[in-house]
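Chains as they are written, first to last, in our numbering: chain S, 1 to 376; chain H, 1001 to 1300; chain U, 2001 to 2410.
Keep in mind the hints are simulated off the structure, nothing from the lab. By construction, the Cβ of each residue, glycine as well, lies at the ideal position given by its N, Cα and C atoms. Any given hint could be a false lead.
[Stated by the list, open to error] Dumping the calculated EDC-like pairs for lysine to aspartate or glutamate here, alpha-carbon to alpha-carbon at most 16 Å:
1) S:Lys71 - S:Asp30
2) S:Lys245 - H:Asp1182
3) S:Lys341 - S:Asp329
4) H:Lys1287 - U:Asp2196
5) S:Lys297 - U:Asp2196
[Said to hold, decoys possible] A short, non-exhaustive set of chain U residues, derived as facing chain S with CB atoms under 7 Å:
6) Thr2113
7) Ser2117
8) Ile2118
9) Gln2221
10) Gly2222
11) Pro2223
12) Ser2224
13) Gly2225
14) Ser2227
[Claimed, not checked] The following residues of chain S were derived to be distant from chain U, with all beta-carbon distances above 10 Å:
15) Lys33
16) Thr88
17) Gly134
18) Val200
19) Asp250
20) Gln368
21) Val373
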Amino acid sequence: MSMSLNRKIVAAAAGLMLAIAVPVAGVAADTLKMGVVGPHSGDLASYGLPSVNAAKILVEQINAAGGINGKQIELLIEDTVCDAKTATDVATKLVSDGAQFVLGGICSGSTKAALPIYLDAGILVMSPSATNPGLTQSGDYPNFFRTIAPDDAQAQLDVDFAIDKMGYKKIAVVHDKGDYGKGFAEFAKMFIEKNGNAEVVLFEGVTPGAVDYSAIVQKIKQSGAETVMFGGYHPEASKIVTMMKKKRLDASFISDDGVKDITFIKVAGEFAEGAYASGPMDTSSNPLSKAAVEAHKKEFGSDPGAFYENAYSAVLAMANAVKVAGSTDLEALKKALQTEKVDTPVGTISFDERGDAIGVGFSVYQVQNGTFVELK
Amino acid sequence: MDYFIELLFSGLTRGSIYALIALGYTMVYGIIGLINFAHGEIYMIGAFTAFIVATILSILGFPALAIIVLAGLAAVVWSASYGYTIEKIAYKPLRHAPRLSPLISAIGMSMFLQNYVLLAQTSDFLPFPQLISDFNFMEPVAHIVGSTDLVILVTTTVVMICLTILIKYTKIGKAMRATSQDRMMAMLVGINVNRIISVTFIIGSSLAAIGGMLIASHIGQINFYIGFIAGIKAFTAAVLGGIGSIPGAVLGSVVLGLTESFATGYVSSDYEDVFAFSLLVLILIFKPSGILGKADTQKV
Amino acid sequence: MITFQELKRSFFISLWFVFLTFPIMVIRVDSIEKTVQWRWMNMLYVAVGAFILSLIFRYMMRRKEGQSADDDEETSTSDQHLIHRWLTVPRYRNIIYGVMLTLALVLPLVFSTYQTSIMTTALLYVVLGLGLNIVVGLAGLLDLGYVAFYAVGAYTYALLYHFFGMSFWIVLPLGGMLAAVFGILLGIPVLRLRGDYLAIVTLGFGEIIRLILENWGEFSQGPSGVSNIPRPSFFGIDMSLDTALIYIYYLMIAFVIFTIFIVNRLQNSRLGRAWVALREDEIACQAMGIDKMKTKLAAFSLGAFWAGIAGVIFAAKTTFISPRSFTFIESAIILSIVVLGGMGSIIGVIIGAMVLILLPEYLRFLSEYRMLAFGAILVCMMVFRPQGIIASVRRTYTYNKKETADGEGA
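Using the sequences provided together with the hints, build the complete structure.
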């Protein structure tokens, strides 16, 4: 197999390089090194830092319980600012530092840029939040896994919900011009057109961080849409729902799991009432999910942020895979991930061969009395 | 027609929001010729201070009006202090430095303040309480212009008038104008230039604080990064109107707000910023010092 | 030494900072749960920190003032331009260049791939800095949208490869040229503008380019960016990742040397002197018969050309580009490189790029405090060294009594 031959060469090269460059690296061989990458500063920090917290909490627990197969886990936390250039530099740094598996890549874009470097070094990468379908479906990145559903699966679910269940005929699709939001919106538009029972009356992007969204809300009103399908994250979503209510626009609001976040309800408050968002199934009744949130409150004194549970699940899944495989060899880890089921806050999951999680059931939630209530 | 009026008011609201921040930019620029990139961060700190104070007061059970006044006051006091301190640390030592050095210092200060709030507070978005409750008399037109929008529009107008009076008719305003025209000459006629510059920073920062509180209550959320985007737009507005000119900053902001609103309404919000910046380029080509800026003739 | 007066002053400054940072540092509220957290320890840290820092700050200020007071003439040339003085002596110059080149060449053999990789990034910014230096440092045109040309170069390669399968070596000059064309396109309408008006228009131009790339999905693949861009080939040999990174590093070294050579020649050319003249006094410059229009356009297009080249290499190095890589912050960083290094000085720009790009990488041990420290360092560097690390030397012609014949001195 050319694959294994390649890896041998790489391993030999890496070994040689390590021998030359980092003669002390051998000392720390009895710990497992987990990289945690994502934006920890800059405008997207609020999506990256919760994963760091998840990793810190779990690693502390695992280490206190004796580690994995007797080995302690060491965290290598690196800031990528969601920038492709920094992400590739970070990837080479982690490879040099001897990371054996990596939690992260928060943004799809920078993750895509860094994955080939990890792949070359045979490092497993699991993202809590990179939802671009190409990451798994293209087959270019066999070392990539994720604990979140790809954009297209969610868009399909939301479109089915809006058209078949709610019977909406006119849908306004709005996105935040970002990688994630626009990807979701484009899939949503495609599925609506395919379905044929409803039409897209408006397809537009809003500028994230803008001080006022009343113009776009007026435009939605003008288009006569019965519902707004939004692709993006909760800060923009809460601004839009707030403005919709303030401008007395009666359309409903359907969104993705970037919005199915407790911060959305906190920020938008009463204006969030009645909004729909898709997200992983039965998280609130899942005891593991409760425990995860409790642990965060205890450790950091606040509610966890975006993708915290996905990150928590990813660490659990990787830790389990390392335990089962007994090594950090990529092939062994992949096999373990694909065969072993793990109980996590997002459900009991394993992974398909492309790297998407199986068992992360998705359903649509509605905000009722200040909490997300799952709609059966 | 209804749609047009709706968009008109959206644009006016947005314009007034920009104006509250743009005024500070334009004042500082007028006096020391510095693009104060940290101004957006002052605005953000004002919003955070207002948020913290308002939350504490509401826990203590203060009435709504008292909360608005006290939170606003705290925001103004602290933002002004930050503005004053930043000027002393990052810009004053650079008075005689090459032209671009204070600019870089300002960029560094902006990064520092962002990360300072990120670390000391949180990276998350925080729900900003709705300080201004809906007025009953506004209900019939609420779908066009909300109560907060109204407050913002009125505040901006009042602030602009007060500032114009301050600069035109008071002694300190006179000193400000003198300093901005010729700093050396102002010093020679006995104006304490350093003090005037400090006062300018204090006034500009106070305006940013009021803006921060109102805007945060309008959009309902704050985060350490809100200052940056709003700051760039407000600065664009200030230049559009003619930087250094108080009415210019307001006019530029309104023009920018209306452009964005109508671009969203009649074309596409995908390209609202492209329209905004294209307008800027167009206006500056035909009026190189902005709409109300003085054409500076060069004498040899 | 530290007097009582000093301590007293620092004490009041420390009190001021305690007041200043009180709401943000000490209080943390949760408006949903209605809880308030008081972190009094932070107040203590601020008080002690501000006290010590204010002592240091004032000490440094005094030193700086003392320096500038007594070194106006003689010492300034001997102190801050030490490197420049060395560089004017051919023997030293060759030694310095030799040492630098050797260091650069052996670097990938000694250090890890990571070090090589960030060094490549730093070199990329050297090229960008040198390019912007033409526009800002030499011609004195403040450009806040320089990143637009960088984006043009990067997208030229990404899209020409994507649609037509064109290779790196063909696109490299094309990317540069296309960026230069954009430079002229931007230059023509804004030539009338001065100073900061020019700055804001270029900022707008940079944003327009980025927004178009973001929104025009059919053309540029929108916000999700272009992935799987091939690395540069070397006579068709297939390379492993490590080798490829080292190869790009050496390519980068070659480009930097090439850029330095060209920029240096430009600086001392007729055109270069025209730029400096334009920067100093536009009207006098016109009166001397310099074509303002052509000179400015030349600055814009040549500056843009290097950004385009750097963009192509950037795309090839990261193999993935998206509009997020070309935000205003990027322009600000490049501008900081030029100003921090010392406007108009080639060696300054090189040092500036090394400092600003490598600093955040080596500050990684500070983890979450990294960018905080970076901002603070930027401010401090400007405050204590406003002319940049290496101030540029003016070519001076001294009248030497002994050789009145030709009047040309050093």
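Ascending list of hint numbers which this structure does not respect: Result: hints 2, 3, 5, 9, 16 and 17 break, sorted rising.
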